[in-house]
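If you read the protein sequences in the order shown, they are chains D and S. Just so we're aligned: 176 in the numbering used here is position 176 of the first sequence, and the numbers increase by one with no gaps anywhere. Just so we're aligned: 1239 in the numbering used here is position 239 of the second sequence, and the numbers increase by one with no gaps anywhere.
In case anyone wonders, no lab produced these hints; they're calculated from the structure. The beta-carbon is built from N, C-alpha and C at its ideal position, and this holds for glycine as well. Don't take every hint at face value.
[Claimed, not checked] If we take Cβ atoms under 10 Å as the criterion, some of the chain S residues that face chain D in the derived model are:
| id | residue |
| --- | --- |
| 1 | T1006 |
| 2 | L1030 |
| 3 | T1034 |
| 4 | R1293 |
| 5 | A1332 |
| 6 | K1338 |
| 7 | P1343 |
| 8 | M1347 |
The lines below spell out each chain.
2 protein chains.
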Amino acid sequence: MTDPLTTGATIGILGGGQLGRMLSVAAARLGFKTCVFEPGGDCPTSHVANYHFQASYDDADALRKFAAAVDVVTYEFENIPTAALDILEGLVPVRPGRKALKISQDRLTEKAFLTDLGLKTAPFAAVDDTVDLAEAMAEIGLPAILKTRRFGYDGKGQARIMSEGDAAQALTDMAGQEAILEGFVAFTHEVSVIGARNTAGDVACYDPGENVHKDGILHTTTVPARLTTAQRTDAVLLTAQILNKLDYVGVMGVELFVTAQGLLVNEIAPRVHNSGHWTQQGCTIDQFEQHIRAVAGWPLGDGSRYADVVMENLIGADMERVPEIAKEPGTALHLYGKAEAKPGRKMGHVNRIIRG
Amino acid sequence: MTDPLTTGATIGILGGGQLGRMLSVAAARLGFKTCVFEPGGDCPTSHVANYHFQASYDDADALRKFAAAVDVVTYEFENIPTAALDILEGLVPVRPGRKALKISQDRLTEKAFLTDLGLKTAPFAAVDDTVDLAEAMAEIGLPAILKTRRFGYDGKGQARIMSEGDAAQALTDMAGQEAILEGFVAFTHEVSVIGARNTAGDVACYDPGENVHKDGILHTTTVPARLTTAQRTDAVLLTAQILNKLDYVGVMGVELFVTAQGLLVNEIAPRVHNSGHWTQQGCTIDQFEQHIRAVAGWPLGDGSRYADVVMENLIGADMERVPEIAKEPGTALHLYGKAEAKPGRKMGHVNRIIRG
């Protein structure tokens, strides 16, 4: 596929959560149909997608049918099984490509990639066993945080080591998975850049947002972030560097720690990102449409920020506040249509707009 | 239904065109599922709706199943067969209600309703035959325009009478349908107000837009419209008067002629309206979400205008310009996913934004 997709083309989306839902709506806005591949039934994306392949990621036959039904495949989460990608890649373009997935699926590979690029990260070391962990603690110092190399998100698969006495339990918490020890970083705040790159190699970045987490889950993103002009430029340039190095096509989230020594890269996500939801009310073209434009071979859209926005996630019981939020002026609600409001579950978000 | 609908409730939409499509997306944004009833197969709304009842409007069984599957019914066009409404109304709330539909389905009833309210319209008279037409021409004067009382839209079912010699052909053009003769109005420009009223009786109106037509189809809507402060106030007040008189629930489009004698009401549409598409880029809550909020028993959202916008319809071959439009800064494309770009067919629209 080298020509831009036109009206009526179908975009395949792996994963049926809220990110897939908002990607699907953005694709429809540009005249595309969408087809979601998701093992779950009544999922947020299926409500708005044109087709739903309800099958397991190890169902090779379903994957082949899915590939035949779509013109390009993208995804809303990075932990897609390798075997599924092997099948799809041979049949249809997958965007963003394998390189970005490979790196972001493994915290160790990701950190190594970033430091090879000359970017700063927290100090880190691979940990497979007790000996590794002792050496890593000696090298990095405490406090530190032990994380599984793969499949961790929203604080899952992580254990803090405040003193040497915590080490054994932390290793047990990894449940035999390969891990990485990361040193604590003295940062003042976290920001993230939502960057995009299209098939022509054009790069565009949204204004960085400032993130606050609660219980390991993103709580709010505020734009503009507290950054000097130099930091803002650095943040955007390093994002472009990452995108270009990966021949990336699509939208990427880059989380950064702001420290006295400059910006440290915390992690990258090869997909639209929760910290970019503010773009729905702050820009002409939001991160979801930007991603669809990129993977469809279109020119990138105008993502310049025209308003100050505070995005707040609605988690679990926060849904009880919806009737009140619905009355607020200058406020846009985005609900994901999930049936049950369990604790820790992302149910929606709200963008509060302060026009710039 | 008196309580507001909550996440997971299903909104039924009669009609599967672009208005239904954008209503469906707005409903999803608030966590609702949507179910479209539309005889056609691959229709714009079905691409984004959760369910599609593909059946005829005279299929009573399908209508009953549809009613059972949804919590409220709304519609994207006013010419819904009366028998279909009779079935639905007994089973599920239909919003906006029957009163508004009855009036807007018949140009004569509509004009009579408006003049009863004390509002100005073009001079009009009922025309069923040659005798009526001669009398009406004598009363109203020429030039005038003969229109079918029912089922006309986008310039269809209309014939201009410039001189008496055109009268016979104009009547033939009505193909035996009841008609109405309307006098020409000397207006400087046309504006429209998109108003909303919810189940609590709250009314909110968007800033009026100024409309330009081409070949009988809306070409552009520009906000702000050229209106004096007094005219702007009049436009909003008369819209509120119409909404209240009809116990209306939902969004309505009110087309107005600006004349030396004040504002004349051209016609009302009991649904979201093409001239309100600019709200997608000019307001926090657009006309589609406003309509969904109203029919779902929610509070109305913040529809204050924060930008100057020019909306342009993309008709037929205008689709060839999409690749160029996609590159424009400050421009949002909205395509409807229609397979074929026939002449006169609305394929999409573009909102060009000049931040206020």
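A quick look at each hint next to the structure:
no. : hint  : result
1   : T1006 : holds (8 Å)
2   : L1030 : holds (6 Å)
3   : T1034 : holds (8 Å)
4   : R1293 : holds (7 Å)
5   : A1332 : holds (5 Å)
6   : K1338 : holds (7 Å)
7   : P1343 : violated (16 Å)
8   : M1347 : holds (8 Å)
Comparing the model with each numbered hint stated earlier shows that hint 7 is the single one that does not hold.
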